[in-house]
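> This is what each chain is made of:
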Amino acid sequence: MPAIETEQLTKRYGDVVAVESLSLTVEEGEVYGFLGPNGAGKTTTINLLLGLVHRTSGQAEVLGHQVGEEIRDVRNRIGVLPAHSELYDRLTARKHLEFVTGVKEADDDPDAMLERVGIPEAADRAAGEFSTGMAQRLKLAMALVGQPDLLVLDEPTTGLDPNGARQMRQIILEENERGATVFFSSHIMEQVEAVCDRVGVLNQGTMVAEDTVDGLRDTAVGGPQLSVELGSKVDDAAEAIQVLNGVTSVSVEGNTVSATLAEPGVKGPAMNAVASSGARIVDFEFSEESLEDVFATLTGEAQEVTA
Amino acid sequence: MYWTNVAQKDFADAVRSKMFWALSGLMLLLAYIGLYIPEAVGDDPTVSDGIEVLSGVIGFLIPIVALVVGYMSIVGERETGSIRMVLSLPLKRWEVLVGKLVGRTAVIVVPILVGFSLAVPFALLVYGNLPGTEYGEFVTGVLLIGFTFVAIAVGVSGAVDSRGKALAAVVGIYALFEFFWSLIPLGLFWLTNRELPEGEGPTWVEALNGATPTQSAVSASEGLWNGISTSEPLVLQEWVSALLLLAWIAVPLLLGYLRFDRADIS
Chain A
730 MPAIETEQLT
740 KRYGDVVAVE
750 SLSLTVEEGE
760 VYGFLGPNGA
770 GKTTTINLLL
780 GLVHRTSGQA
790 EVLGHQVGEE
800 IRDVRNRIGV
810 LPAHSELYDR
820 LTARKHLEFV
830 TGVKEADDDP
840 DAMLERVGIP
850 EAADRAAGEF
860 STGMAQRLKL
870 AMALVGQPDL
880 LVLDEPTTGL
890 DPNGARQMRQ
900 IILEENERGA
910 TVFFSSHIME
920 QVEAVCDRVG
930 VLNQGTMVAE
940 DTVDGLRDTA
950 VGGPQLSVEL
960 GSKVDDAAEA
970 IQVLNGVTSV
980 SVEGNTVSAT
990 LAEPGVKGPA
1000 MNAVASSGAR
1010 IVDFEFSEES
1020 LEDVFATLTG
1030 EAQEVTA
Chain B
100 MYWTNVAQKD
110 FADAVRSKMF
120 WALSGLMLLL
130 AYIGLYIPEA
140 VGDDPTVSDG
150 IEVLSGVIGF
160 LIPIVALVVG
170 YMSIVGERET
180 GSIRMVLSLP
190 LKRWEVLVGK
200 LVGRTAVIVV
210 PILVGFSLAV
220 PFALLVYGNL
230 PGTEYGEFVT
240 GVLLIGFTFV
250 AIAVGVSGAV
260 DSRGKALAAV
270 VGIYALFEFF
280 WSLIPLGLFW
290 LTNRELPEGE
300 GPTWVEALNG
310 ATPTQSAVSA
320 SEGLWNGIST
330 SEPLVLQEWV
340 SALLLLAWIA
350 VPLLLGYLRF
360 DRADIS
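Here the protein sequences line up with chains A and B, keeping their order.
Sequential numbering of the first sequence, starting at 730, is according to this note's numbering.
Sequential numbering of the second sequence, starting at 100, is according to this note's numbering.
Here chain B stands alone, though its shape is the one from the complex:
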């Protein structure tokens, strides 16, 4: 288990950074504010409204945070040259990649768990109750989104040879998934039908819309906590999302590894 040394070192390094603590503070603040908004503005608010507000914000925020946490993981060490020391040790390159993935995952998972655990007593105080399944599903979704985007960022970081390229890639990836993705099914629909779909459109448009890492994570978490919606068409069932999510994690890591393994580290 040589990669555990890399993961430990990476996490130890991160815990000493301001970013890690800023992140923990942000998670906590976000959870408190998000949960409190319905109470502050609505009449007859419930804790579910609070979780819904949180879900909206988190869907945009966690991918950014995770990409930022991960994009320098390997290429950063190439820029400072410390990777030359690491790769002179009895470590294979995949072990460095896995160690980085685990270390950076911890960097994002720990603040999420701390923040949303500390939010539990707060929610109970404000609303008097907190449905376990709903909150569990929400936090699981957040963790899955975080992990997936960390994996994407680590893959990118292994694939490129400069900070600039890594940054450009993660900005592009974020923009694609958060802003432009919905244009893909629309575009495809228009190409085949010469008109735009009404409502959610046919099943394949709906399925493609929900195929982003974030939507896949949310749906996979739903399946984990509430079971599979077997009445839905096959491609809209949660296990498909779970498989897609695995692909979103594995493919970037694999591509990143292949490029990193072939790279000249000079």
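One chain only, chain A, in its complex shape:
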């Protein structure tokens, strides 16, 4: 039984489509990264899964139940870190945790939980004094109450410094090892790369890709790119590259020959082939596309390509 399963899930606000025909499956026990630029519909999808927003059409099941049914049982087994959700300024970290433990009838020790998320000193301080990083850590602690079977984390690294983000990933992995399924959204690819088994990419309310991290990298761009600008014999050079082992595709545009390679190691032989074809090399560029680029390609975001 999948932890989360949606079919043709759609949410419209009047004429505006927030989420369109979304079908996704999160298997039990996996860490699923839900990626997309801001405004892609990630939070709306999470709101739909939690029953905060009512769906326009389609199906959504969480932990084996239709959203909206058996909510007591289902929500007892879910831990949620919501985005755009402030804490209660006047209440201490301890009070926040006591509230969640009370509702969930759990027996977690607030001090131990705060220790785990790295803010043991904040137990008796009012949340109004917290930095965004501390607030985010408290929200994570609240999500962890009661050892949930499913963790839904909406942009969990918001406001965290690199060290905090690393600790967050560490906890995600620990929870996953304990047996929890983790569904977390982010607009930053590298957050997802390090911990996720599978990734779904959302853009403008629709799923544009769903795969493993490696699979995504392969299918979306095909491999590292070599492009060579030539002074002469452009077609000869193109032919010379094309016949090489490990060259997936070649294209010519003006004086530039571009080749997609199966692996970065092919770039040496490729350059040799160009040189021996007699063409004059003016300039060349090699780029290994990062997952960021994959993401940018999929979501159509203009992003500077790193060489």
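Keep in mind the hints are simulated off the structure, nothing from the lab.
What you are looking at is a predicted structure, and each value in this text was computed from that prediction instead of being measured.
It is possible that part of the hints are untrue.
What the hints assert, rightly or not - Heads up, incomplete: computed chain A residues facing chain B, CB under 10 Å, no partners named: (1) Lys740; (2) Gly780; (3) Leu781; (4) Pro811; (5) Ala812; (6) Lys824; (7) Lys833.
Cβ atoms here follow ideal geometry from the backbone N, Cα and C, with glycine treated the same way.
Using the hints, position chain B against chain A.
Same frame as chain A, but now just chain B:
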């Protein structure tokens, strides 16, 4: 009893606010000043005069206070987004509403009880006596008014999706009940008779005049402490006021719940 967690959290939050303590201070100050005014200005004053002064002030003040205490209860959490955390927990929306109602009721009931309890020794000191039934009836009325307007405000807070709308609604509700209500029976009378009623007018005008939440609460409290005035026409008897009061409490809560339950919390 999941809603008790919401109520506890809500009250704990409120107790840490300045408003709660300002409210407690205000109640106490009001009780002292109100009770003391007859002694200060009149000759041969009695404690009943003091309670009467208090009743006049409280009738205007408690609804404002209760509406202020309640109007942000739910919509405030929607504005900060904390409601998303709350509704991700094993809580149904009606439980959140009931928890808020109870929490905010405590926010107003506690200061009222504290203020008017501390006023008892003061009244005894100034006037030498304090008739229990009269004072009990007065405090019960205050509590009922407070609770009813908190319920109205929580209902409004559940029904709307922004602070501005909640504020507009409670201001409108206050103005309707405190300033414009008496125009309704007058208007109806004029429409049917083409003239204005003399004195209190016919029974239905009198009954409609006394149908506001505040008047219903006062009358219900009277019935509780002094029994039903069975000699009055049916619609002017206290149990009718008590039923009306229940409606003033239940209908806004129910409408607020229905809207809140259907709302998209995003």
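> Against the structure shown, which of the earlier numbered hints fail to hold, in ascending order?
Per hint list: zero violations.
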